[in-house]
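> Now for the letters of each chain:
Protein chains: 2
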Amino acid sequence: AKSSLIVERPPVRRFNLNNVTITPDPIGNREAVLILTPMARFYQEYWDNLLKLQYPRELITLGFILPKNKEGNAATTALQAQITKTQKGPVKDRFRSIIIERQDFDPPLTSQDESERHKMENQKARRASMSRARNSLLFTTLGADTSWVLWLDSDIIETPPTLIQDLASHDKPIIVPNCYQRYIDSETGKPRERPYDFNSWQDSPTAQEIASKMGPDEIILEGYSEMATYRALMAYMAEKEDEKHLEVPLDGVGGTALLVKADVHRDGAMFPPFPFYHLIETEGFAKMARRLGWHATGLPNYKVISLYLYIV
Amino acid sequence: AKSSLIVERPPVRRFNLNNVTITPDPIGNREAVLILTPMARFYQEYWDNLLKLQYPRELITLGFILPKNKEGNAATTALQAQITKTQKGPVKDRFRSIIIERQDFDPPLTSQDESERHKMENQKARRASMSRARNSLLFTTLGADTSWVLWLDSDIIETPPTLIQDLASHDKPIIVPNCYQRYIDSETGKPRERPYDFNSWQDSPTAQEIASKMGPDEIILEGYSEMATYRALMAYMAEKEDEKHLEVPLDGVGGTALLVKADVHRDGAMFPPFPFYHLIETEGFAKMARRLGWHATGLPNYKVISLYLYIV
Ligand SMILES: Nc1nc2c(ncn2[C@@H]2O[C@H](COP(=O)(O)OP(=O)(O)O)[C@@H](O)[C@H]2O)c(=O)[nH]1
Ligand SMILES: Nc1nc2c(ncn2[C@@H]2O[C@H](COP(=O)(O)OP(=O)(O)O)[C@@H](O)[C@H]2O)c(=O)[nH]1
Ligand SMILES: [Mn+2]
Ligand SMILES: [Mn+2]
Numbered sequence: 001a002k003s004s005l006i007v008e009r010p011p012v013r014r015f016n017l018n019n020v021t022i023t024p025d026p027i028g029n030r031e032a033v034l035i036l037t038p039m040a041r042f043y044q045e046y047w048d049n050l051l052k053l054q055y056p057r058e059l060i061t062l063g064f065i066l067p068k069n070k071e072g073n074a075a076t077t078a079l080q081a082q083i084t085k086t087q088k089g090p091v092k093d094r095f096r097s098i099i100i101e102r103q104d105f106d107p108p109l110t111s112q113d114e115s116e117r118h119k120m121e122n123q124k125a126r127r128a129s130m131s132r133a134r135n136s137l138l139f140t141t142l143g144a145d146t147s148w149v150l151w152l153d154s155d156i157i158e159t160p161p162t163l164i165q166d167l168a169s170h171d172k173p174i175i176v177p178n179c180y181q182r183y184i185d186s187e188t189g190k191p192r193e194r195p196y197d198f199n200s201w202q203d204s205p206t207a208q209e210i211a212s213k214m215g216p217d218e219i220i221l222e223g224y225s226e227m228a229t230y231r232a233l234m235a236y237m238a239e240k241e242d243e244k245h246l247e248v249p250l251d252g253v254g255g256t257a258l259l260v261k262a263d264v265h266r267d268g269a270m271f272p273p274f275p276f277y278h279l280i281e282t283e284g285f286a287k288m289a290r291r292l293g294w295h296a297t298g299l300p301n302y303k304v305i306s307l308y309l310y311i312v
Numbered sequence: 001a002k003s004s005l006i007v008e009r010p011p012v013r014r015f016n017l018n019n020v021t022i023t024p025d026p027i028g029n030r031e032a033v034l035i036l037t038p039m040a041r042f043y044q045e046y047w048d049n050l051l052k053l054q055y056p057r058e059l060i061t062l063g064f065i066l067p068k069n070k071e072g073n074a075a076t077t078a079l080q081a082q083i084t085k086t087q088k089g090p091v092k093d094r095f096r097s098i099i100i101e102r103q104d105f106d107p108p109l110t111s112q113d114e115s116e117r118h119k120m121e122n123q124k125a126r127r128a129s130m131s132r133a134r135n136s137l138l139f140t141t142l143g144a145d146t147s148w149v150l151w152l153d154s155d156i157i158e159t160p161p162t163l164i165q166d167l168a169s170h171d172k173p174i175i176v177p178n179c180y181q182r183y184i185d186s187e188t189g190k191p192r193e194r195p196y197d198f199n200s201w202q203d204s205p206t207a208q209e210i211a212s213k214m215g216p217d218e219i220i221l222e223g224y225s226e227m228a229t230y231r232a233l234m235a236y237m238a239e240k241e242d243e244k245h246l247e248v249p250l251d252g253v254g255g256t257a258l259l260v261k262a263d264v265h266r267d268g269a270m271f272p273p274f275p276f277y278h279l280i281e282t283e284g285f286a287k288m289a290r291r292l293g294w295h296a297t298g299l300p301n302y303k304v305i306s307l308y309l310y311i312v
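Listed in order, the protein sequences are those of chains E and U.
Going by our numbering, the first sequence opens with residue 1, and the numbers climb by one from there.
Going by our numbering, the second sequence opens with residue 1, and the numbers climb by one from there.
Each hint should be verified, as a subset may be incorrect.
Claimed, not checked - Result set (SDA-like, lysine to any residue): computed pairs, CA atoms no more than 20 Å apart in a straight line: (1) U:K88 x E:V12; (2) E:K213 x U:K244; (3) E:K70 x U:N301; (4) U:K68 x U:Y55; (5) E:K287 x U:Y277; (6) E:K85 x U:R14; (7) E:K124 x U:G293; (8) E:K287 x U:E218; (9) U:K85 x U:E58; (10) E:K124 x U:R291; (11) U:K68 x E:I22; (12) E:K68 x U:K88; (13) U:K213 x E:P216; (14) E:K88 x U:R14; (15) U:K70 x E:N18; (16) E:K303 x E:Q202; (17) E:K85 x E:L59; (18) U:K244 x U:M120.
Hints are computed from structural coordinates only; laboratory data are not their basis.
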């Protein structure tokens with residue numbers, strides 16, 4: 001792989017960062033989008049939804065990072081099979097380029113069991129590890145000509161097909177839709193939806209108070225009864241489906257689906273694997289971006305759907 | 001440029017980060033090196049020294065970022081002339097690839113006058129802007145197959161030709177030689193050397209005390225009588241030229257010449273443009289790397305030479 005790259009790479013590439021536009025009309029201005037997905041498991045529904053996105057494929061680069069374990073191997077195989085299908089198909093349906101990376105460090109937990117994953121004492125190590133995976137992927141795929149970065153988790157199985165242009169149309173440095181989960185109501189046997197991502201929030205005096213009393217290496221975690229933060233969670237702000245473009249300011253963001261202007265990352269905003277103002281990963285990213293002068297916005301009524309894991 | 005990239009890019013690239021070695025024998029293991037230079041001015045002596053480095057060119061990618069001003073335009077023209085000479089020469093003498101970026105934000109100061117540059121009140125804005133330039137360059141050039149990143153300022157005009165392999169042989173995540181400056185002694189008229197980079201240091205209780213009393217947005221600057229830190233500066237640790245490989249642990253590092261294992265950056269270590277533990281830019285980078293578990297090392301007796309600016 002190394003030697004072939006040497007031959008294929010153009011010897012000198014010149015980029016005028018001024019000429020890379022990042023506008024509310026990304027298709028009209030032919031803006032390059034980098035879709036980044038950390039992937040522990042491959043779900044066909046994720047891939048099918050990705051293929052439904054109505055953004056010109058020749059402007060989309062896909063980047064994946066998968067753990068180096070048995071599950072990661074299986075996911076890589078499944079992912080590559082789907083990629084091959086698309087990239088060997090008609091030229092007009094091919095993505096601009098695709099990068100697949102395998103992690104060079106161990107994921108902290110072997111089990112992906114949902115209750116296990118969400119246990120508070122495991123969260124810090126898990127999210128520190130996820131931060132390193134996200135950073136590794138970001139630092140090695142972001143280009144000088146990238147306009148937008150769409151972070152999209154591998155369990156996002158349903159989004160509007162106009163996701164990218166819809167989010168970009170708001171012209172915000174960081175913008176995040178509301179992530180829901182579908183499940184079967186055990187009493188009625190009918191499918192229902194419930195909020196899934198609790199990392200998008202507006203800060204509260206209580207949370208700030210908790211933070212001020214913490215040791216330098218402690219972190220605030222959202223969504224645990226042991227630590228009531230009274231933050232205003234976007235998860236509970238959804239109201240009218242028809243007001244899809246209602247904006248709310250956010251202090252923390254989740255990474256299940258997250259559109260970022262590439263300049264925010266190029267300025268240095270990454271996913272802190274260490275406590276940064278007592279926040280890590282995507283929540284720490286929002287805080288770091290803020291320190292760089294960039295603000296986050298949420299769309300409480302714009303929904304994306306995460307897969308519900310029956311089998312664990 | 002955009003459309004040609006689409007054609008030239010291979011559709012799928014796979015990287016196993018485990019297989020990218022980062023060893024004390026980088027030439028033997030054919031490890032890719034990325035040399036990154038923020039460049040406000042072009043000096044022929046910098047380029048001549050770069051060409052003297054005895055590291056296989058087919059393993060070296062060069063990355064430059066230049067400001068968008070008159071000086072930056074002149075430097076870009078001069079740089080491109082030299083690049084063309086090398087890259088149109090014999091294949092064996094060509095670098096693997098070269099990326100030139102033009103900044104999309106204004107440098108904070110128009111004058112590069114040395115006394116002006118070093119004034120304390122200007123340092124914070126200047127170094128915040130330098131941090132953004134370094135991050136922009138880093139985030140857009142680092143590859144999944146990069147083993148080492150050598151930061152090399154454009155005013156470094158003399159280094160041992162074995163700089164890369166010498167520094168790498170120490171097998172340290174972050175390693176920095178001692179940067180000196182040559183000048184003409186005004187009394188004797190003879191050339192002399194003096195320490196130049198005061199950003200490589202070991203922390204002191206006094207500096208920690210100063211930091212503990214600072215507001216959240218204040219920074220500690222080194223090398224100013226107004227703020228005596230009593231840090232142990234590597235600049236003053238040089239002793240025996242024959243003990244070139246003597247190592248000292250460091251808490252802050254300068255960026256004039258700085259070798260970093262690519263994994264440190266891939267983990268997320270960047271150059272904070274905001275006060276990070278009251279440190280910014282390269283000093284903040286060392287602190288951020290430490291938070292990620294990586295330690296910095298200095299080589300007080302291993303010298304590199306920075307140009308003395310007579311004309312300002
Ligand atoms: N590369 C990598 N990806 C992971 C790892 N663990 C989880 N992921 C992926 O990271 C994203 C978030 O993980 P998930 O388990 O859904 O977290 P949750 O939604 O916060 O509970 C998903 O896309 C996962 O597939 C890991 O160890 N390595
Ligand atoms: N891209 C970019 N590079 C700069 C700018 N200002 C200085 N540089 C470069 O950054 C490096 C460090 O700057 P220098 O003025 O030597 O700083 P000092 O050695 O810390 O006094 C050198 O390679 C400069 O050419 C800037 O505004 N933009
Ligand atoms: Mn998930
Ligand atoms: Mn300098």
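> Run through the hints listed earlier and report the numbers of any the structure violates, in increasing order.
2, 3, 4, 12 and 18
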